[in-house]
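In the order they appear, the protein sequences are chains A and B.
Taking our numbering, the leading residue of the first sequence gets 1, the next gets one more, and so forth.
Taking our numbering, the leading residue of the second sequence gets 330, the next gets one more, and so forth.
No wet-lab data here; the hints were simulated from the structure.
Some hints could be false.
Once the Cα atoms are required to be at most 25 Å apart in a straight line, the calculated SDA-like pairs of lysine to any residue come out as [stated by the list, open to error]:
{"no.": "1", "chain 1": "B", "residue 1": "LYS590", "chain 2": "A", "residue 2": "LEU298"}
{"no.": "2", "chain 1": "B", "residue 1": "LYS490", "chain 2": "A", "residue 2": "LEU298"}
{"no.": "3", "chain 1": "B", "residue 1": "LYS548", "chain 2": "A", "residue 2": "THR171"}
{"no.": "4", "chain 1": "B", "residue 1": "LYS395", "chain 2": "A", "residue 2": "GLN306"}
{"no.": "5", "chain 1": "B", "residue 1": "LYS548", "chain 2": "B", "residue 2": "LYS618"}
{"no.": "6", "chain 1": "B", "residue 1": "LYS510", "chain 2": "A", "residue 2": "GLN306"}
Which residues of chain B face chain A? A few of them, derived with a C-beta cut under 10 Å, are [what the hints assert, rightly or not]:
{"no.": "7", "residue": "GLN528"}
{"no.": "8", "residue": "ASP533"}
{"no.": "9", "residue": "SER535"}
{"no.": "10", "residue": "ASN543"}
{"no.": "11", "residue": "GLN567"}
What the simulated footprint calls covered on chain A by chain B, stretch by stretch (three residues with Cβ under 8 Å from a Cβ of chain B suffice, anywhere in the stretch; the number is not a length) [what the hints assert, rightly or not]:
{"no.": "12", "segment": "17-25"}
{"no.": "13", "segment": "262-270"}
Cβ coordinates follow ideal geometry from the N, Cα and C atoms, glycine included.
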Amino acid sequence: MSETTKVVEGDKTKDGTFDQVKRFVARNGALLGLVLLCVVLALATPAFLTGPNILNVGIQAATVAILAFGQTFVIVSAGIDLSVGSVAAVSSMLVAYTGASMGLPGWFTILVGLLAGAVFGALSGIANAYLKLPSFIATLAMMSVARGLTLVISDGRPISTSGMVNFFGTTIVGVPVPIVMMLIMGLIAAVILNFTSAGRSMYAVGGNMEASRLSGINVHRTQIMVFLLSGVFAAVAGLVIAGRLHSAQPQAATGYEMDAIASVVIGGASLSGGKGKVSGTFIGAILLAVIRNGLNILNVSSFWQQVVIGLVIAFAVSFDTLRRKEDAH
Amino acid sequence: MMNITFKRSVRAAMAILCAGALMAGASACGGSGSSSAGGDKVALLVSTLNNPFFVDLRDGAQAEAKKLGLDLQVSDAQNDSSTQQNQAQNAQSQGAKAVIINPVDSDAAGPAVAPLLSTKLPVISVDRAVTGEEVDSHVASDNVAGGAQAADELAKAIGEKGQVLILQGTPGAASTRDRGKGFKDEIKKYPGITIAAEQTANFDRSQALDVATNLMQSKPDAVGIYAENDEMALGAVQALGAKAGTDVKVFGFDGTDDGLKQVADGKLVGTIAQQPKELGRKAVQNAAKLIKGEKVQKTEQITVKTVTKENVADFQ
């Protein structure tokens, strides 16, 4: 990575302005797309660029963003986690169940939820590392198992959550807690990826697994770690969903794994591993939330919404291909 | 040589034993699948049990089957049409005397039940119709009438004037179409009411929370919200916070436990109570009659009831 950047910078004097603009667009595609989208929406409707609506977008991005932060660890190390939506659902359901049916105190139920996320994540990681299941398959299986257990625990019905859990969905002195949680989890993810040896191992394993192993990195431990972290992040997302709805829903977060993966990829991570930034993922998640919010505000027909969202994802990710070509020059 | 073959067959036997034990364990866990062993076997193919409505439908069917001494076998298709088709085949091969199907998808259910009908096996569709095949009996709520009832009640609650928002169900689903059509046709009778926006939240509570928040942002003058199911109505109530039931009246559809609770609390103006247990009950009754060779009604409309604060106690 760093070598290619240097080469590109060395070439700068020879480049025309057009090339520089092109390179800037390619490198910051998602951010520029987000800004462009916001400008268009602001011009299209006065309801978009208002204080309350900006907070709304933040709240609505929070769940997917937290899932996507966890997903970033996995994608950076060349894996994929399809189970995040289901793990969010099962851990929030365990929180609600231990609270409502077993009468355990709120703080304890939250610990149970986080622990459940860690265990489900670690199991996917173990299946990936030791049973040599491709992560796509391991987490596809976990997606089904976790959703099934959610239904078993809940008997298919929503369960109310305690006040302690509902705190995660409230607004404290004008600051929505989901947004705070999103920022905290983003910060934690950024610190782990950028400033710890575990984070560096994730980039190394994603970049070249064999070379990492030979250079003494514990690849198995790294693989388990990324899925464990993804599971914990999913559990936190589950808390936010449950807090916002004052209940754990059996079908909560269905399909959110796709939004989470899309956020990470829109943010510039490569699905072949070794590349990705938490800040990019954050922009990706906000972009998706802005699109959904904008389509609602403009009252776009529900039939067209899915088309629009699909096109935006394809468009945003095509920047990634363009950027990789630029880097290869 | 002998030894190896012997070992191999022991291992195979062990594997079969383990598999058998697993399956026995699984069926013991899912013991709710069959209620009594004695009577005629009836298969109930449910679209999904990942929704309280269909769980209630199953409960009603099971209770009635127990009363009539039928052996009711419940299969959950988990919203997958091809799974449901397999389950229909299995029901026939396992000797069911009648099949009750709650289609995942009306169109896809046609080819699934065609082979059953061709062998004169009684088929009853419940909640959703089967397209392209003539089943022996269809038991369903009247969704169009329910939508109209909701329109009248919501109009009354907002003083017959102002803007209303519609939270639509899954785009393309029959229930979305019928509930929307019933509501929109009826609301035309009130010249003071306009539909300011209609957006889908896919029958989902958390999506409705976001969509309703966004719509209130773009249409802050709205005084009423019609949600095509209770889950979305509850999401809207959450989005409105203190405004729910005071500045903005929300009306749901389904009459789920959570929905009824909010009606009692005044957060929801009302809901249309479908009677999922009644749907299940009637379907099993008709199955029993068909097995005995008795005549049943081709279409059995289960009435839907308008629930408001006044009569909510009757439904809880």
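Each hint tested on the structure:
Simply put, LYS590(B) and LEU298(A) have alpha-carbon atoms about 33 Å apart, too far for the 25 Å limit, and the pair is violated. Proximity of LYS490(B) to LEU298(A) is assessed by CA-CA distance (about 23 Å); at most 25 Å being required, the pair is judged to hold. In summary, the hint linking LYS548(B) to THR171(A) is supported, as the alpha carbons are separated by about 22 Å, within the 25 Å threshold. Proximity of LYS395(B) to GLN306(A) is assessed by CA-CA distance (about 45 Å); at most 25 Å being required, the pair is judged violated.
Note on LYS548(B) and LYS618(B): the hinted pairing is violated, with a Cα-Cα distance of about 53 Å set against a maximum of 25 Å. Annotation: proposed proximity of LYS510(B) to GLN306(A) holds, straight-line Cα distance about 22 Å (limit 25 Å). Interface hint status for GLN528(B): upheld, as the beta-carbon distance to the closest one in chain A is roughly 5 Å, under 10 Å. At a threshold of 10 Å, the smallest CB-CB gap from ASP533(B) to chain A is about 7 Å, leaving the interface hint in force.
Annotation: interface hint on SER535(B) holds; nearest CB of chain A at approximately 6 Å, less than 10 Å. The interface hint given for ASN543(B) holds, since its Cβ lies 4 Å from the closest Cβ of chain A, which is under the 10 Å cut-off. The interface hint given for GLN567(B) holds, since its Cβ lies 6 Å from the closest Cβ of chain A, which is under the 10 Å cut-off. With 0 residues carrying a beta carbon less than 8 Å from a beta carbon of chain B, the segment 17-25 of chain A misses the three-residue requirement, and the given coverage is violated.
Judged by the Cβ-Cβ criterion of 8 Å, the segment 262-270 of chain A is not covered by chain B as claimed, because only 0 of its residues qualify and three are needed.
In summary, the numbered hints that this structure violates are 1, 4, 5, 12, 13.
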